[in-house]
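Protein chains: 2
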Amino acid sequence: MYVIGERINGMFKNIGNAILAKDKAPVQEMAEKQLSAGADALDINVGTRVPKSERIAAMEWLVDVVREVTKAPLSIDNPGPSTMRAGLARACVGGGTAIINSTTGRADKLDVFMKLAHEFDAGIVGLSIDENGVAPSADEKLEIGMRIIASAMENDVPIENVFLDPIILPLNVDQAAPGIVLETITQFKMLSDPAPHVVIGLSNLSQGASERPLINRTFLVMAMAAGLDTSIHDPLDDELTNAMVTAELLLNKTIYSNSYLSAYRKSKQME
Amino acid sequence: MYVIGERINGMFKNIGNAILAKDKAPVQEMAEKQLSAGADALDINVGTRVPKSERIAAMEWLVDVVREVTKAPLSIDNPGPSTMRAGLARACVGGGTAIINSTTGRADKLDVFMKLAHEFDAGIVGLSIDENGVAPSADEKLEIGMRIIASAMENDVPIENVFLDPIILPLNVDQAAPGIVLETITQFKMLSDPAPHVVIGLSNLSQGASERPLINRTFLVMAMAAGLDTSIHDPLDDELTNAMVTAELLLNKTIYSNSYLSAYRKSKQME
Numbered sequence: 001m002y003v004i005g006e007r008i009n010g011m012f013k014n015i016g017n018a019i020l021a022k023d024k025a026p027v028q029e030m031a032e033k034q035l036s037a038g039a040d041a042l043d044i045n046v047g048t049r050v051p052k053s054e055r056i057a058a059m060e061w062l063v064d065v066v067r068e069v070t071k072a073p074l075s076i077d078n079p080g081p082s083t084m085r086a087g088l089a090r091a092c093v094g095g096g097t098a099i100i101n102s103t104t105g106r107a108d109k110l111d112v113f114m115k116l117a118h119e120f121d122a123g124i125v126g127l128s129i130d131e132n133g134v135a136p137s138a139d140e141k142l143e144i145g146m147r148i149i150a151s152a153m154e155n156d157v158p159i160e161n162v163f164l165d166p167i168i169l170p171l172n173v174d175q176a177a178p179g180i181v182l183e184t185i186t187q188f189k190m191l192s193d194p195a196p197h198v199v200i201g202l203s204n205l206s207q208g209a210s211e212r213p214l215i216n217r218t219f220l221v222m223a224m225a226a227g228l229d230t231s232i233h234d235p236l237d238d239e240l241t242n243a244m245v246t247a248e249l250l251l252n253k254t255i256y257s258n259s260y261l262s263a264y265r266k267s268k269q270m271e
Numbered sequence: 001m002y003v004i005g006e007r008i009n010g011m012f013k014n015i016g017n018a019i020l021a022k023d024k025a026p027v028q029e030m031a032e033k034q035l036s037a038g039a040d041a042l043d044i045n046v047g048t049r050v051p052k053s054e055r056i057a058a059m060e061w062l063v064d065v066v067r068e069v070t071k072a073p074l075s076i077d078n079p080g081p082s083t084m085r086a087g088l089a090r091a092c093v094g095g096g097t098a099i100i101n102s103t104t105g106r107a108d109k110l111d112v113f114m115k116l117a118h119e120f121d122a123g124i125v126g127l128s129i130d131e132n133g134v135a136p137s138a139d140e141k142l143e144i145g146m147r148i149i150a151s152a153m154e155n156d157v158p159i160e161n162v163f164l165d166p167i168i169l170p171l172n173v174d175q176a177a178p179g180i181v182l183e184t185i186t187q188f189k190m191l192s193d194p195a196p197h198v199v200i201g202l203s204n205l206s207q208g209a210s211e212r213p214l215i216n217r218t219f220l221v222m223a224m225a226a227g228l229d230t231s232i233h234d235p236l237d238d239e240l241t242n243a244m245v246t247a248e249l250l251l252n253k254t255i256y257s258n259s260y261l262s263a264y265r266k267s268k269q270m271e
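As given, the protein sequences belong to chains A and B, one line each in that order. Under the numbering used here, the residue at position 223 of the first sequence is numbered 223, and the numbers go up by one with no gaps. Under the numbering used here, the residue at position 134 of the second sequence is numbered 134, and the numbers go up by one with no gaps.
For the record, the hints were derived by calculation from the structure and aren't laboratory data. What you are looking at is a predicted structure, and each value in this text was computed from that prediction instead of being measured. Incorrect hints may appear among the rest.
[Stated by the list, open to error] Derived Cβ-Cβ restraints for the label pairs, each shown as a range:
| # | chain 1 | residue 1 | chain 2 | residue 2 | range |
| --- | --- | --- | --- | --- | --- |
| 1 | A | Met-190 | B | Asp-156 | 37 to 43 Å |
| 2 | A | Ala-21 | B | Gly-179 | 48 to 54 Å |
| 3 | B | Lys-24 | A | Ser-259 | 41 to 47 Å |
Quick reminder that beta carbons are idealized off the backbone N, C-alpha and C, glycines included.
Pulled out of the complex, with its shape left as it was, chain A reads as follows (with noise of 0.2 Å):
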């Protein structure tokens, strides 16, 4: 599994206040705590307390505060171009790697991203949303994908690049949508040879829940029998984390040993 560590936005009130004081000290923490507890790649996402005019200039600043720390991919997380357009300019100075979060299917919004992706050899996570909102079904979902794969493949963005996310809504909102998610995981991965990466936002799914950790976990291991190949969530939460190594050896995608939970860690604190 590929993880993509959520924990550095501004949102989270921690970081929000950091990044309005341009307090470097616990963005770095953050990033190195996810990092050794497993994260693959870190987003990065402004909030929403910065106003918009300053936006660009924040997304500046948190990247390269983050780049002082590590050389990991990181998520550009924001639904704006040029803001997009800065941070993965800023993530990608001296050779390091990003990944758009996110683009949707609507014609607009997905022709300017994915050339983004291209010219910054980015990867890009491509949601199951389009003119029409969030698609309610495994067919509408599918055929937002395909979209979002024929649009690569005119920009020249390798497949591999590709992350499709059929977007998880919280349970308690809309509890078919789980097993709808599970049914488009398998089927996103048939959509192209080599199959796009499969990937999704997973705390959004125990919003407003009580027994977020537990929700999380239990859908994260279906969702990787289904064939989801990478999450977007929190790494320092190590029951999830057991969960998915766990996972992992069931599905024969890494080799048992008495002790593959700390063979796992260990493994990450050596990247």
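Following the hints, put chain B in place on chain A, whose structure we already have.
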């Protein structure tokens, strides 16, 4: 999920001792504990410490003792037809119901046990084992599954009473096996209409492994997403139960409330 509690088994030291000493209390306590933790049925296995010549009497004693405290279905767990018949007869006294655990797909055994299933209107677990041992591939497991379903039809055993078991081997024996089992579960559910039940003996997966509870609950969730509807396991493992109840929620089989975990437990205690 239909849970068959695995704990009344002579392989567990306290139950083994109770059987040899004809001491009712530990057996009846274990029956009641499992039922109030959520077991829908109870597996009954006299274990291997009882001499062969006394197996039938031991099974009759064990079933009678459990029947004194519950009318729940009893899963008679024994490979021999005479002990099986004796257990079924006692379990079904006064309108009680039973499950045959288990037959294989071997022609001679299958016919004998399927006739018992018909005679006692019992459920029957059919293992993916034939003359050549445990079927290693999904195709071979399916072939045996079809043979078991055909035998049920010939013997007038309703498909609703058939529980196909793909057989889980210990993870540290064959790491490819869990993935094959997941694939088989999905295919078993498509073998007939109505579909047979699909059951696993979960604990076998983690025999000899470290992190047994974590491995068990992670696989149970994956197997449920693949279509598993019945599990023989330890209902006293609270984290396993929490994972199972959460998986049912995510598969839209129960309705979400903030107190869904305690709601499950309360509903079982009222039964």
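*At the C-beta level, are Lys-24 of chain B and Ser-259 of chain A separated by a distance inside 41 to 47 Å?*
43 Å, holds
*Go ahead and decide if the range 37 to 43 Å is satisfied by the Cβ distance of Met-190 of chain A to Asp-156 of chain B.*
41 Å, holds
*Between Ala-21 of chain A and Gly-179 of chain B, is the Cβ distance one that fits in 48 to 54 Å?*
49 Å, holds
Hint compliance for this structure: no hint is broken.
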